[in-house]
Amino acid sequence: MASRQKLSGIQKQVLALYRGFLRTARLKAPEERRRIESVVSAEFRDNARNVDRRNFVYIEYLLRRGKRQLEQLKNPDITGLATLEVKK
Amino acid sequence: MAAAALLRRSPAARALLSPALSARLVASKPHSSALAPPPPSSKPAAPANMKTFSIYRWDPDSPSTKPHLKDYQVDLSDCGPMVLDALLKIKNEQDPSLTFRRSCREGICGSCAMNIDGDNGLACLTKISGASSASTVSPLPHMFVIKDLVVDMTNFYSQYKSVEPWLKRKDPPPQEGKEILQSKADRAKLDGMYECILCACCSTSCPSYWWNPEEYLGPAALLHANRLPLWGTLIKPKPNMFMHLQARGYRGVADKRNLLDHKRRLLAEKYELRGKLYKAVCRDPDLPLDMREKFRYKLSKLPRNSSMTRLRNRCIFTGRSRAVYKKFRMSRIMFRTLANKGELTGVKKASWWIQDSRDQFTKERLDAINDEFKLYRCHTIKNCTHACPKGLNPAKQIDTIKKLQIDA
Chain X
-19 MASRQKLSGI QKQVLALYRG FLRTARLKAP EERRRIESVV SAEFRDNARN
31 VDRRNFVYIE YLLRRGKRQL EQLKNPDITG LATLEVKK
Chain W
30 MAAAALLRRS PAARALLSPA LSARLVASKP HSSALAPPPP SSKPAAPANM
80 KTFSIYRWDP DSPSTKPHLK DYQVDLSDCG PMVLDALLKI KNEQDPSLTF
130 RRSCREGICG SCAMNIDGDN GLACLTKISG ASSASTVSPL PHMFVIKDLV
180 VDMTNFYSQY KSVEPWLKRK DPPPQEGKEI LQSKADRAKL DGMYECILCA
230 CCSTSCPSYW WNPEEYLGPA ALLHANRLPL WGTLIKPKPN MFMHLQARGY
280 RGVADKRNLL DHKRRLLAEK YELRGKLYKA VCRDPDLPLD MREKFRYKLS
330 KLPRNSSMTR LRNRCIFTGR SRAVYKKFRM SRIMFRTLAN KGELTGVKKA
380 SWWIQDSRDQ FTKERLDAIN DEFKLYRCHT IKNCTHACPK GLNPAKQIDT
430 IKKLQIDA
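Protein sequence lines correspond, in order, to chains X and W.
The first sequence lines up with residues -19 to 68 when you count with my numbering.
The second sequence lines up with residues 30 to 437 when you count with my numbering.
By construction, these hints were calculated from the structure, which means they are not laboratory data.
Here the structure is a predicted model, which is why all the values come from computation and not from measurement.
The beta carbon of each residue, even a glycine, is placed where N, CA and C say it ideally should be.
The reader is advised that the hints may include incorrect statements.
Unchecked claim - Mimicking DMTMM-like on lysine to aspartate or glutamate, the simulated pairs with C-alpha atoms at most 20 angstroms apart in a straight line are:
| # | chain 1 | residue 1 | chain 2 | residue 2 |
| --- | --- | --- | --- | --- |
| 1 | W | Lys95 | X | Glu65 |
| 2 | X | Lys47 | W | Glu244 |
| 3 | X | Lys47 | W | Asp181 |
| 4 | W | Lys176 | X | Asp57 |
| 5 | W | Lys330 | W | Glu372 |
| 6 | X | Lys47 | W | Asp90 |
| 7 | W | Lys190 | X | Glu51 |
| 8 | X | Lys47 | W | Glu243 |
| 9 | W | Lys95 | X | Asp32 |
Claimed, not checked - Each pair of labels, with its calculated beta carbon distance range:
| # | chain 1 | residue 1 | chain 2 | residue 2 | range |
| --- | --- | --- | --- | --- | --- |
| 10 | X | Leu50 | W | Asn78 | 22 to 32 angstroms |
| 11 | W | Asp220 | X | Arg33 | 48 to 58 angstroms |
| 12 | W | Asn78 | X | Thr59 | 20 to 30 angstroms |
Using the sequences provided together with the hints, build the complete structure.
Quick look at the structure:
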């Protein structure tokens, strides 16, 4: 994150998405909340490190994917999320 | 015993037949347990007919690669007639990573909608063009791509949802527990709308939808809005049409002719009293002639543009001098345009009709889409009708909604 400098629009969107996830996690059960937070923060950190910051096409794709996942998570019937590691 | 006897007899019986006949019999009816004769040779009678398909590829898992067109050669003589057959052949034989949506392969599910050679259509219904030039297959235009030919349809579906595409009633059905009845004529009105499979070909072919995908509902959603009931509604005066004109201070557009006419009106007003006075003096037979002459001279000295006869009621929008109605201060053309849009208060067309007779929420439905963006972004471009793979006419349905917006 560009600390203390003016954040670009796309950076603000990424942060807003992250905030959205954390807020939604707050509404779930505490055990689930911790799991959601760890999964989400791990994903965001990985992408922040691996994805070239100039690759707008891919970042926008990830943003759209994240927004859709967030919409699904917001649904009160959804209790939590889990990840699966697929070994090649 | 009898069976054994039969068996023993049959070879004997066969031996009695003439060799030619028996040979023919044996040849025409091979024993069922013998191997089936080999199928006809798999060498195609027609020579290999290769066609190139340029397919849009983009893989989100390798983010550094940009979207690109990849060429694949397909032998048409060994492939089904439709583009979907070619895509499946490529996926099966050449590149398993090619991703696309498909389900029914008969043009009823709407999954395989994509852009083939510039036109939107269903891959399972679009024949491969026989021409030897390459075919370009790309995803639906101006939609976010998830992978290869798969696009993000969430916006499209949410617009469909916003139209509330279900029957709504205010009072309970006439017969409790039974269906709401509908005459054949009423049911016939739904033809041309119920067949829509929500493939999104029409909406994604509309340039107006490309430029405003969030606000404009698109031909598909509007077709479904029309499929539900339509009843007249009161017109709502649209303020924006007039405001920017009235803000200019005078009632006309900055048209040169209107400006001049306005100048004339100002002058006429200024010299009105004077002119009338002079004229009255001139016309009065009781006054002495030289006095009348003097005033006649004075009258002629007044500026020409102060004459009332030079005023002309022009259309305030276009400046047209002919066919201008005093009541509306506009010409017949503008009147018609605005009246059809519903921007004239109290003006409605004499005809109105119902689409689905069973639904009772027509007025609310029409009001819901009666804003500048949801419905009126449609400028009758008619790309949707051209693109629809089921042969429906969304433009016509949108037109009926617009007409109904002005009825009561």
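(request) Could you work out which earlier hints the structure fails to respect and list their numbers in ascending sequence? (result) Hints 1, 4, 5, 10, 12 are the ones this structure does not satisfy, whereas the remaining hints hold.
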